[in-house]
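Protein chains: 2
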Amino acid sequence: MDANSIGAPPRDVLDHLRRTVEEDWALARRRSWGEAGWLEAASALGDGIARVVGADPGEIVVTDSTTINLFKAVVGALNLRPKRTRIVSEAANFPTDLYATQSAIDLLGEGHALVLAADGHDSDDDLCALIDSNTAVVVLSLVDYRTSRRRNLARINAAAYAAGALTVWDLSHGAGAVPIDLNGDRTDFAVSCTYKYLCGGPGAPAFFFAAARHNDALDLGLKGWLGHADQFAFELGHRPAAGARRALIGTPPVLSTIGLQAAMAVWAGVDVSAAAQKHEALSSLMLDLTDQELGPFGVSVASPRHYAERGGHIALRHPGGNALVEALADADVICSFRTPDSIRFGFSPLTTRYVDIWDAVARLRDVLKNETWREDRFAGRSSI
Amino acid sequence: MDANSIGAPPRDVLDHLRRTVEEDWALARRRSWGEAGWLEAASALGDGIARVVGADPGEIVVTDSTTINLFKAVVGALNLRPKRTRIVSEAANFPTDLYATQSAIDLLGEGHALVLAADGHDSDDDLCALIDSNTAVVVLSLVDYRTSRRRNLARINAAAYAAGALTVWDLSHGAGAVPIDLNGDRTDFAVSCTYKYLCGGPGAPAFFFAAARHNDALDLGLKGWLGHADQFAFELGHRPAAGARRALIGTPPVLSTIGLQAAMAVWAGVDVSAAAQKHEALSSLMLDLTDQELGPFGVSVASPRHYAERGGHIALRHPGGNALVEALADADVICSFRTPDSIRFGFSPLTTRYVDIWDAVARLRDVLKNETWREDRFAGRSSI
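For the protein sequence lines, the chains are Z and B, in the order given.
Just so you know, we're using the numbering used here here: the first sequence kicks off at 62 and counts up by one.
Just so you know, we're using the numbering used here here: the second sequence kicks off at 62 and counts up by one.
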């Protein structure tokens, strides 16, 4: 039940890896950069992801980590709004997103200021109210990593656009779970990991989205040979590749990319809207069963009740915290804990079954009933 | 014969990958970040590499790509020399190193200028002559990717130190092949890929070295949660981790890291100086056989004759260029071509046998004798 941390492995991922090691790496060797598609994978996989999140071919590449991609996106946005000095985010954003945003400001900024909605309970309207005519970019996570609250992508994008600002979204806790329509909702930039609901494998390369309308003037700051218009010309100066490919920097981690390739081969056969519907049904079942089975033991629901306001996981709340999560792991239910009090269950539309949710809730009920978790072995500390 | 492009796979790399997929990813799931050592690998592998390149434990981490690590190192060096505005490199440096250096200057710089030794034939003394009292950092590749010329690490580090400047070295075409003593030669920063002579697998995470004496004040510019002093405390502001770990940014690509782990398990049993001696003997044999067997067909040696001035590969020169390389591939000898005229043969001290060199030279002689390469199918274009 930790699809929000790490999605399940595709059934044939080891076959993909075996072919890569035994044929492409051991025998074809450097020629595999071309013949096995190692260099082209960044775009090929990006196009597959584009179908899942409502983008167009050429707008997404797979590269680097979410943090590095967010840095590039914020630099790109700041370069497109050179006269504006205000950057809006929220203190409840995932910490590394704030570190990357602050990194961009520190490196590029001249009198720039990061303005944070601060109390963690700000509504979408509260955030929109922070966007003004001096705002260059709004940097937000679509889904809160603790509570699973989902922001209204369309509304915040519209408010930013109306003020002449740009948006950078981190989709990590939503992509592959909830419906996302990047272009339909007029998103400027987005990034996401691929190892949660997309099932790309631990630390699989993240993705980077830039709306095609920004291509001409897009300067992402940190540049490398993979993002050059003609990589093997070995030119002295950098000329950006077309579209999102300019976000590529260095040599891609092939084995990790192959893991994601196995996952995207599965996704290629998935009806994306049917998957989102299943995800809604799975997480709604979790809410209903929680109320019915766990409420009597003092468990409450931290996540929003309306599906449109929820992301990939359901966060429960109980003073037992991490000790409960560890007791559940002993009962073969893997979930995770985030301070101060979020117990998170993530549901993959590709792999989670309804019966899994029933079993997980039943085992949590048994743990609470038997009070076996009270040792408090790990209390108060977020899970790895 | 393309160990300079991609080293051979460790014999048991698939066993490592199988365990990672079937046990750590599929079953232990998010707990593997701790229990399977996924988070700790950056330092554990870095310490293994430290033994190979003359660094101390804690000074090297494995992370990101060479280009991104070079960017961080240059930013770190510029931040340590805030009043100096001159950056020295050479136009013959590997292009992405120049792109990353220029990226750092464009983002951070105020009146900074990149000064390039320009003709590709500059001696170490020529480079030292460019270092002055306004030089913040010298950014060089230890080994030229075309000719294999090796710079004198100690001499250039000493010249930089005497002028109060810092050095950033890209070791990609040397690490795991030639003897390197980073601390003995008083290096400030170094980066390298791990997929050539270190055999970490295609696009395996690169490494980052910062001399421990710089730890206290080191600000690498681009920061993320993996480089935080307490990653799972989820603090609002970034506090750098100790030592080189502050260079970590986002979630590491685990499958690619496991490939490198299999390689470093091999390296753990290697006598590093014996490996370097074997590498010298291999590449000297290549020179001797080239003179004896290929000289009559118009093949010349582009690489230096003295081993101390050579890196991991031997570059030959012939007007046939890429067509020869492709004809050799048809004869099951994989080497590579770099414009304008470098035919590169890379030798791994771990995997290349003396007989392999004899066979490669004999097949190249046969290709030249039979003139089967004259189709010029790929003339003038660098190999992928």
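Hints are computed from structural coordinates only; laboratory data are not their basis.
Predicted model, so just to flag it, every value in this text is computed and none were measured.
Errors might be hidden in some of the hints.
[To be verified] Now the stretches of chain B that chain Z is said to cover, found in silico as 3 or more residues with beta-carbon under 8 Å:
| id | segment |
| --- | --- |
| 1 | 66-79 |
| 2 | 92-98 |
| 3 | 313-319 |
The beta carbon of each residue, even a glycine, is placed where N, CA and C say it ideally should be.
Structure-based check of each hint:
| no. | hint | verdict |
| --- | --- | --- |
| 1 | 66-79 | holds (count 8) |
| 2 | 92-98 | holds (count 4) |
| 3 | 313-319 | holds (count 7) |
Violated hints for the displayed structure: none, as all numbered hints are satisfied.
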